[in-house]
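Using the sequences provided together with the hints, build the complete structure.
Here the protein sequences come in this chain order: A and B. Residues in the first sequence are numbered consecutively from 0, following numbering that gives the first Met the number 0. Residues in the second sequence are numbered consecutively from 0, following numbering that gives the first Met the number 0.
Source of the hints: derived by calculation from the structure; they are not laboratory data. None of the hints are false.
Here are the simulated DSS-like pairs of lysine-lysine, each with C-alpha atoms no more than 25 Å apart in a straight line:
id : chain 1 : residue 1 : chain 2 : residue 2
1  : A       : K121      : A       : K161
2  : A       : K376      : A       : K193
3  : A       : K392      : B       : K83
4  : A       : K395      : B       : K40
5  : A       : K464      : A       : K500
6  : B       : K269      : A       : K153
7  : A       : K489      : A       : K464
8  : A       : K376      : B       : K269
9  : B       : K8        : A       : K395
10 : A       : K465      : A       : K572
11 : A       : K392      : B       : K12
12 : B       : K127      : B       : K207
13 : B       : K12       : A       : K435
14 : B       : K269      : A       : K193
15 : A       : K392      : B       : K40
Each chain, letter by letter, is given below.
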Amino acid sequence: MKEILVRIGGEGGEGVISCGEMLTTAFARSSYEVFTFRTYPAEIKGGPAMFQVRVSDQVVLSQGQAADILIAFNEEAFQLHGESIHPEGLLVYDPAHFKPDGAFEAYPVPLDGITLNVVKSKLGKNVVALGVCARILGMSIGLLEQMVRDRFGKKGETVVAKNFEALKAGYEYVDQHPFKKKLPMFEAVHSPVKRVVMSGNEALSIGAISAGCRYYAGYPITPASDILEFMERELPKFGGAVVQTEDEMAGIASVVGASYAGKKAMSATSGPGLSLMTEILGLAAMSEIPCVVVDAQRGGPSTGMPTKNEQGDLNLAVYGAHGEAPRIVIAPGDVEECLYYIIHAFNLSEKYQCPVLFLTDQSLAHRTQTFPWPDFKRVPVISRLLPTEADLKEYKRFVITENGVSPMALPGMDGGCYAATGLEHSERGSPNFTPKMHALMSAKRAKKIRVCSTEKGFTARYGAKKAKIGIVGWGSTQGAIREAVDMAAKAGIPVAHLQLKMVYPLPEADIREFLASVEQVIVAEINYSGQFNQILRSHFLVPTISLTKSEGLPFVAEEILAKIRSVAAGSEKPVVGAALSRQ
Amino acid sequence: MSHPTTDYKSDVKITWCPGCGDFAVLNALYQALATMDLDPKNVVVVSGIGCSGRLPIFVNSYGFHGVHGRVLPTAMGVKIGNPKLTVIAVGGDGDGLAIGGGHFPHAARRNIDITYIMLDNNIYGLTKGQTSPTTLQSFQGKSSPYGVAEENLNPIALALAYDVSFVARGYSGQLKHLTDLIVDGVNHKGFSFIHALSPCVVFNDTYKYYGKKVTPIAPYENPSNKMRALELWQDKHHIFLGTFYKDETRQTFNERIRDIIGQFPRDDEKYFRELVNRYA
Chain A
0 MKEILVRIGG EGGEGVISCG EMLTTAFARS SYEVFTFRTY PAEIKGGPAM
50 FQVRVSDQVV LSQGQAADIL IAFNEEAFQL HGESIHPEGL LVYDPAHFKP
100 DGAFEAYPVP LDGITLNVVK SKLGKNVVAL GVCARILGMS IGLLEQMVRD
150 RFGKKGETVV AKNFEALKAG YEYVDQHPFK KKLPMFEAVH SPVKRVVMSG
200 NEALSIGAIS AGCRYYAGYP ITPASDILEF MERELPKFGG AVVQTEDEMA
250 GIASVVGASY AGKKAMSATS GPGLSLMTEI LGLAAMSEIP CVVVDAQRGG
300 PSTGMPTKNE QGDLNLAVYG AHGEAPRIVI APGDVEECLY YIIHAFNLSE
350 KYQCPVLFLT DQSLAHRTQT FPWPDFKRVP VISRLLPTEA DLKEYKRFVI
400 TENGVSPMAL PGMDGGCYAA TGLEHSERGS PNFTPKMHAL MSAKRAKKIR
450 VCSTEKGFTA RYGAKKAKIG IVGWGSTQGA IREAVDMAAK AGIPVAHLQL
500 KMVYPLPEAD IREFLASVEQ VIVAEINYSG QFNQILRSHF LVPTISLTKS
550 EGLPFVAEEI LAKIRSVAAG SEKPVVGAAL SRQ
Chain B
0 MSHPTTDYKS DVKITWCPGC GDFAVLNALY QALATMDLDP KNVVVVSGIG
50 CSGRLPIFVN SYGFHGVHGR VLPTAMGVKI GNPKLTVIAV GGDGDGLAIG
100 GGHFPHAARR NIDITYIMLD NNIYGLTKGQ TSPTTLQSFQ GKSSPYGVAE
150 ENLNPIALAL AYDVSFVARG YSGQLKHLTD LIVDGVNHKG FSFIHALSPC
200 VVFNDTYKYY GKKVTPIAPY ENPSNKMRAL ELWQDKHHIF LGTFYKDETR
250 QTFNERIRDI IGQFPRDDEK YFRELVNRYA
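And the structure:
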């Protein structure tokens, strides 16, 4: 197995991210698997930026931990990330800036000097660094030139030529100044599997379009803004309309309006925007109108940490709205699942005529991963139940049925006239506040969600088939947990893992079976209070051990492994009231 | 096929207080729909919350009674969702100028092809008598025992400032005139705003006040003259009824969307291929 982790650190605006992205695409085009991770300042210029790519000839499950190579654009980057360098790693640094100290091999490359010499400006340092990386890792310069052309081609031949020079200068510097460390070489290989590399936000946007989304409305917010931009650019090609609304409430209100009129519609936001949308999510639940809302979670509460990672919006997604407003919450586990599970999200929304929340987070929204070429037929697209001619003879929009789902008339249909309303209503849709009707309609709305809990394919088992220790996770933590489970197996601790792709309603049968098969259950998630742990405990009356992290960063496998070891050693017991006094 | 007024009346019992101005607006809407001979199935009446919010429930067409303040974005979604529909948004002064005040300018700048009837009763009626953004300062009520601290907003002034492409005012006391305005508003290409003075006889009966002050805009006035419209709304002695301003030269939001989509001949398979290839 061939694997390496490259981390690039510098100042925001120095091109750290674009250098990393070009390197990532180059790896992917050379048929390697990649998993990227980035941090960036909330400001436009200045503040530290970091990009790392973990690359392997095997599937990469998480962002990894120690850097085999750190490229420090300046001293601050070294101060921030020096500790992350593997003791046997390599530091690429600019001797004009600082003198590093550490167990690793320090490899001086005068990045600024080369850049000034060749490009005659400070801009272009990132492309020099790209050349350095490429040579260190045995990649062909031709491949990197293609990356540069893809990225700068629009700016004209002069710019492309300048960047070629910068690339070559970095590349040749390494040729002429050898370092000692032996590193794996990532020359292009042929792979029979055709692959793509993209971010979670890109994958879910593509998936949404293939699910039939033809109306999108949203308001800019980190880390979901690029979904809006993607849709603005791409949706019109498929005949869809996109509106950047004046706020999130207008966004979701127009989505519900468009869906009422018959379009599959979506909005995407982050925590603060979801807070604003909750009233209208209640309306969609009450008036039984399908809609999909992506929440790319970030550090909260309030403005919190806009560019940092957290799974802190689970309670808001599951319960957020006054009254009881049943909805479905889907949480994809990796970039590939963003693409397929958003199709599920649209399908469930159409099938059960209710809002579906799609919970990603900063780390999933902006990480890139390789995965096989999308198969758009893998998840067949479903559309809402429409009334038949017989239904329309004496049309009742909210007719009571066995599974709670009633045929939904669309404006323009003969005989289907009704007023959708947020008021409690009768089967025909007229306001009705009688005790009997509220009980009946509350049960109808809840019934749909109950039925949805029996949907198949919303959990994934991993690891040991039989084990005393089980670990449950949801959403973007999937890869890190799997990696930890693999590491535990190697250390002789069998662990069974269940990852949930639907966190509300809970896929009951699968969870029951899993809980019955293990003796101790760890619930892992990225928030402080263990929100999912509480949901799981309350639904299944099961004692669990909560593993949480609230640092604005995703899990690394070693942290999960440490908890597994501690549970295996018998030093962890479920605590009553764990939410308030974190274990 | 022609539709008599009764075709637009739903069988839901109307819950407004006897004498409420909203009855006249509802009747004007029935008559306007009949005059235009619109098929009920192609009409969507969208509303927010408040006394006027119930209006769609009393109309036999498609309707959407949404949440407080979001009538304009909801109506926009419906109109973009199916551009063939006639979309009429209704809401009160509180719904449109307090909680939902942020949406009015954006509907105007999009020039979304819907008609927005603001049923202005100068009060919060459904919550029983609190002051609204259009309540006159002289009003004394239960939420303003010492008078109203804020000055009142003028919806016509706002609409003119936001550059709404059709701005008119009608009055519950003049049914025929209000009917004509609704017809003109619906036929207008672009966003049309009709300020309907609709007194609340229970909490703030302004019939007498308006009865003395309302005056028709003279037939010789030119509704394409914005400066004149600005003079008319500021007149201290009259409350003018009629069409203040009208501009049909502007593109509507649906036309702009259509033009953007129109650049791309339908070929989903090709666009998917191109899209995914970008990530290869």
